[in-house]
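Asker: Chain by chain, the residues:
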Amino acid sequence: MSQGECILIIDDEQVLLEGCRQVLEEKGYVTATADNGERGLQLIRELNPDLVLVDLKMPGKSGMEVLQEIESTHPNLVKIVITGYSTVSLAVEAMKKGADDFIPKPFTDDELSMTVEKGLKKRRLILEREALMKEQELIRRNMISLVSHEMRAPLAATIQYLEVILGGMAGDVSQEAKEMIERCVVRLREMLELFGRWLKLATYDPQKSAERFTAVPLTDMAAKVLEMRKPDAQEMKVHLSLEAPQDLPPVMGSRGALEEVLDNLVANAIKYNRQGGWVKVRLLERNQEILVEVADNGIGIPPEHLPRIFDEFYRVDGRRNAPIKGAGLGLAIVKKLVETHGGTIAAESRVGEGSLFRISLPKPQQTKAERTGGWKPV
Amino acid sequence: MDRNKRILIVDDDPDFAAAIGKILTSAHYEVEKAGSLQAGMKAIEARTPDLILLDVMMEKYDDGFNMCYDLKHDARYKHIPVIIITAVTEVTGLKFSPETDGEYLQAEGYLRKPINAEVLLKKIASLV
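One line per chain: the protein sequences are W and R, in this order. If you number the first sequence the way the numbering used here does, the last residue is 378 and the count never jumps. If you number the second sequence the way the numbering used here does, the last residue is 506 and the count never jumps.
Note that these hints are calculated values from the structure, not bench results. Each residue gets a CB set at the ideal place from its N, CA and C atoms; glycine is no exception. Misleading hints may appear alongside valid ones.
Below 30 angstroms or equal to it, Euclidean Cα-Cα: the simulated DSSO-like pairs (lysine-lysine) are [stated by the list, open to error]: (1) R/LYS456 to W/LYS178; (2) W/LYS178 to W/LYS208; (3) W/LYS178 to R/LYS450; (4) W/LYS178 to R/LYS420; (5) R/LYS500 to W/LYS178; (6) W/LYS280 to W/LYS363.
Taking CB as the label site, the calculated pair distances span [unchecked claim]: (7) R/GLU496 to W/GLU190: 50 to 56 angstroms; (8) R/GLY413 to W/MET169: 54 to 60 angstroms; (9) R/SER504 to W/MET169: 16 to 22 angstroms; (10) W/GLN136 to R/GLU496: 57 to 63 angstroms; (11) W/ILE139 to R/SER404: 42 to 48 angstroms; (12) W/LYS134 to R/ARG384: 29 to 35 angstroms; (13) W/ILE139 to R/LEU489: 29 to 35 angstroms; (14) W/ALA202 to R/SER404: 34 to 40 angstroms.
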């Protein structure tokens, strides 16, 4: 049952090449032949075949070398090696190097057909999986545009009407109605905000972001984040502090992204705190890494939830009843952003005692002497 | 407030256009609405408005962009101030960011949906 699939045979023996070609063409496959490894690799680039039969023993480029090259350039191509009976160990080695199957010489027409058909079954599965993954990616992208337009537009229109009513432009509104409408606007705006966050996570392109990395002075950045969060902290009666060494080297990254990371952690530490509690941000240098720690003595995270707090849309259940809002996306974004900086994030916590979030970022390749010699952020 | 200034709203969301229209009429502007880019162009050709509010996320992502570009490269219309309104923000990474696309767009203002009434009226007053 062929589907016009293309099979390439690479062997230095003309008789074997011809024999294989005839058998396979009779079965309806498209074939191509090469009598040496170089030519074989060239044909793979030109024809993009579905399956390749490679003789392991050839003068010039060996079958094993051909195999290795295909494995790196065309990993989805099914590779079957042709071996002599006396060289089973070679076949084993070839399988380790990425061959999908082997067929020992001499073989009958049926043996060849069966081995090829088995290999092509695998190829079809691989292609099917690829198509599925492409489709999934398409769905993901459509989902993004769906959320960005189809869901945001009605929300925006609704809020717009409510603003008009609140502004008295559609006639008088009673004080009670006004208060209710104000709450509606707050809730709907939260939803818009959630969509925005989700989109940010779904569309974040780490590669693009990494291309624009610059040296970020963490101490300045942390001071700014804490300054911005001061009003929230005062409202919660939470004390904020920053501890950082004078000569902390900058890290390579996106200032915006790192600010978002720290702001998220500090905001959480304030939100899940207690009256009179504290939030400490500590920056330190350790071996090859820069550590950013955000510690608090707030309500803490139950141990059963701790492993999942960085998952998308995960929220610690007990907090649903607490007067705290949030979509459960903040930490997922934080983790993603940290990882694009080549860093890691971990959390420790004890219920009733507080939490500690520790981010480790790689230190830029700079010696201490160079730094004290006047390192300036680019 | 100038009572004779005419503002054209080009937006495919009739509710959004109605809400914005209400804000504008309450400030004594004359309002015209177009639910598509074609209708928008027709309205402009029939009677040149004093200002255009243009939604850039209509049927296709780039339609509003193209319309703005065409207007700004047409001697008859390039003097009309255009305010881009959009639900898209720079974080969506889809298409639009005032910082990178501003030059291409050449609009006089950018406002994000939903729009604060006061901000909208102030912006319009500064342009007409």
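Asker: Work down the list of hints and note, for each, if the structure agrees.
Answerer: Status of each hint after checking the structure:
For the given pair, R/LYS456 sits about 42 angstroms from W/LYS178 by alpha-carbon distance, which is inconsistent with the 30 angstroms threshold. With a C-alpha separation of about 45 angstroms, the suggested pairing of W/LYS178 with W/LYS208 is violated against the 30 angstroms cut-off. Between W/LYS178 and R/LYS450, the direct Cα distance comes to roughly 42 angstroms. Violation of the 30 angstroms bound is thereby established for this hinted pair. As the CA atoms of W/LYS178 and R/LYS420 are separated by approximately 40 angstroms, the hinted pair breaks the 30 angstroms bound.
Only pairs whose Cα atoms come within 30 angstroms are accepted, and R/LYS500 paired with W/LYS178 is accepted, the gap being roughly 24 angstroms. Between W/LYS280 and W/LYS363 the CA atoms are separated by roughly 22 angstroms; this keeps the pair inside 30 angstroms, and the hint holds. At about 22 angstroms, the CB distance of R/GLU496 to W/GLU190 disagrees with the hint of 50 to 56 angstroms. Evaluation of the 54 to 60 angstroms hint for R/GLY413 and W/MET169 yields a failure: the beta carbon distance comes to about 22 angstroms.
Hint check: R/SER504 to W/MET169, Cβ distance near 21 angstroms, so the stated range 16 to 22 angstroms holds. For W/GLN136 and R/GLU496, the hinted distance range of 57 to 63 angstroms is not satisfied, since their beta carbons lie about 45 angstroms from each other. About 43 angstroms separates the C-beta atoms of W/ILE139 and R/SER404, a value consistent with the hinted range of 42 to 48 angstroms. Remark: the range hint 29 to 35 angstroms for W/LYS134 to R/ARG384 is contradicted by a beta-carbon distance near 49 angstroms.
For the pair W/ILE139 and R/LEU489, the supplied restraint of 29 to 35 angstroms holds, since their beta-carbon distance comes to about 32 angstroms. Range check, W/ALA202 to R/SER404: Cβ separation about 38 angstroms, and the 34 to 40 angstroms hint holds.
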